[in-house]
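Here is how the chains run, residue by residue.
Number of protein chains: 2
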Amino acid sequence: MAMIPFKINFSEKFSKLPSDDYSVGIVARMNDYEFKLVKFRGEFVWHSHPDTDETFIILDGRMMMHFRDKWVEVKSGEMIVIPKGVEHKPASKEGYKALLIEPEGVPNTGDVKNEMTIKKVEWI
Amino acid sequence: MAMIPFKINFSEKFSKLPSDDYSVGIVARMNDYEFKLVKFRGEFVWHSHPDTDETFIILDGRMMMHFRDKWVEVKSGEMIVIPKGVEHKPASKEGYKALLIEPEGVPNTGDVKNEMTIKKVEWI
Chain D
1 MAMIPFKINF SEKFSKLPSD DYSVGIVARM NDYEFKLVKF RGEFVWHSHP
51 DTDETFIILD GRMMMHFRDK WVEVKSGEMI VIPKGVEHKP ASKEGYKALL
101 IEPEGVPNTG DVKNEMTIKK VEWI
Chain P
1 MAMIPFKINF SEKFSKLPSD DYSVGIVARM NDYEFKLVKF RGEFVWHSHP
51 DTDETFIILD GRMMMHFRDK WVEVKSGEMI VIPKGVEHKP ASKEGYKALL
101 IEPEGVPNTG DVKNEMTIKK VEWI
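Protein sequence lines, in the order shown, are assigned to chains D and P. According to my numbering, the first sequence is numbered sequentially starting from 1. According to my numbering, the second sequence is numbered sequentially starting from 1.
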């Protein structure tokens with residue numbers, strides 16, 4: 001049976017995330033992909049996702065997406081797709097809010113495990 | 001070889017679309033999914049996509065997403081996932097701009113063919 005379609009309001013959902021420098025919650029699903037809202041400030045960890053591309057849509061603020069040989073500034077109203085296997089490191093001094101799209105179950109720190117690795121992202 | 005990651009600026013891309021009431025262009029790809037920017041004003045056609053969910057992220061304006069038994073207003077800062085097989089009809093008096101996400105090659109009018117059917121959506 002088909003789900004009853006509902007809309008997702010980003011502001012409302014962000015208000016459910018804790019005010020930490022890094023927090024993530026799942027808000028929607030499309031086929032086997034998940035949509036996650038992310039708040040981040042600081043420097044993430046270098047990592048890559050060996051099996052999938054990953055999309056960031058910036059909703060507020062700006063990020064510096066670092067690659068090994070360059071960086072790209074991505075701000076509100078912009079998006080970037082990280083190709084699978086490409087090492088990257090999000091960073092932001094002022095902080096950003098983003099919508100992240102990737103297949104279900106992709107680890108947030110990709111091929112790396114450290115203190116930033118989230119075992120299980122919850123729905124909000 | 002991995003693609004060189006680049007960012008997409010929605011305003012810049014929208015400026016490349018014709019000023020018709022309905023226009024669509026592809027702006028990015030993630031695995032076998034495409035991201036399309038859509039401008040729409042008016043009433044679309046009732047249709048469904050039998051094999052896939054479909055995501056609308058509203059970037060500007062508002063739409064009434066009609067279903068057979070209800071409708072949902074979706075406005076800037078909101079998104080909705082249309083489950084596969086569910087009949088829907090986007091409509092908007094004032095017009096909206098949206099980011100549409102679905103697998104490559106999904107026909108815009110789903111299971112229906114009429115004068116709104118686009119044979120091939122181009123990259124912008």
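Keep in mind the hints are simulated off the structure, nothing from the lab. Note that the structure is a prediction, hence the values are computed from the model and not measured. Misleading hints may appear alongside valid ones.
Just so you know, same-sequence chains aren't split out, so a pair can sit in one copy or run between any two.
[As the list claims (entries may be wrong)] Taking lysine to any residue and the SDA-like style, the derived pairs with C-alpha atoms no more than 25 Å apart in a straight line are:
| hint | residue 1 | residue 2 |
| --- | --- | --- |
| 1 | K97 | S11 |
| 2 | K84 | D20 |
| 3 | K16 | P50 |
| 4 | K93 | F10 |
| 5 | K13 | K113 |
How the hints compare with the structure:
Taking CA atoms no more than 25 Å apart as the test, K97 paired with S11 passes in both settings, with 10 Å inside one copy and 19 Å between copies. For the homomeric pair K84 and D20, neither the shortest alpha-carbon distance inside one copy (28 Å) nor that between copies (36 Å) is at most 25 Å. Proximity of K16 and P50 under a CA criterion of 25 Å is satisfied in neither setting, with 31 Å inside one chain copy and 34 Å between copies. Both within a single protomer and between protomers do K93 and F10 lie at most 25 Å apart by alpha-carbon distance, with minima of 22 Å and 23 Å respectively.
Taking the closest pair of Cα atoms, K13 and K113 never come within 25 Å of each other, the shortest separation being 27 Å inside a single copy and 37 Å across copies.
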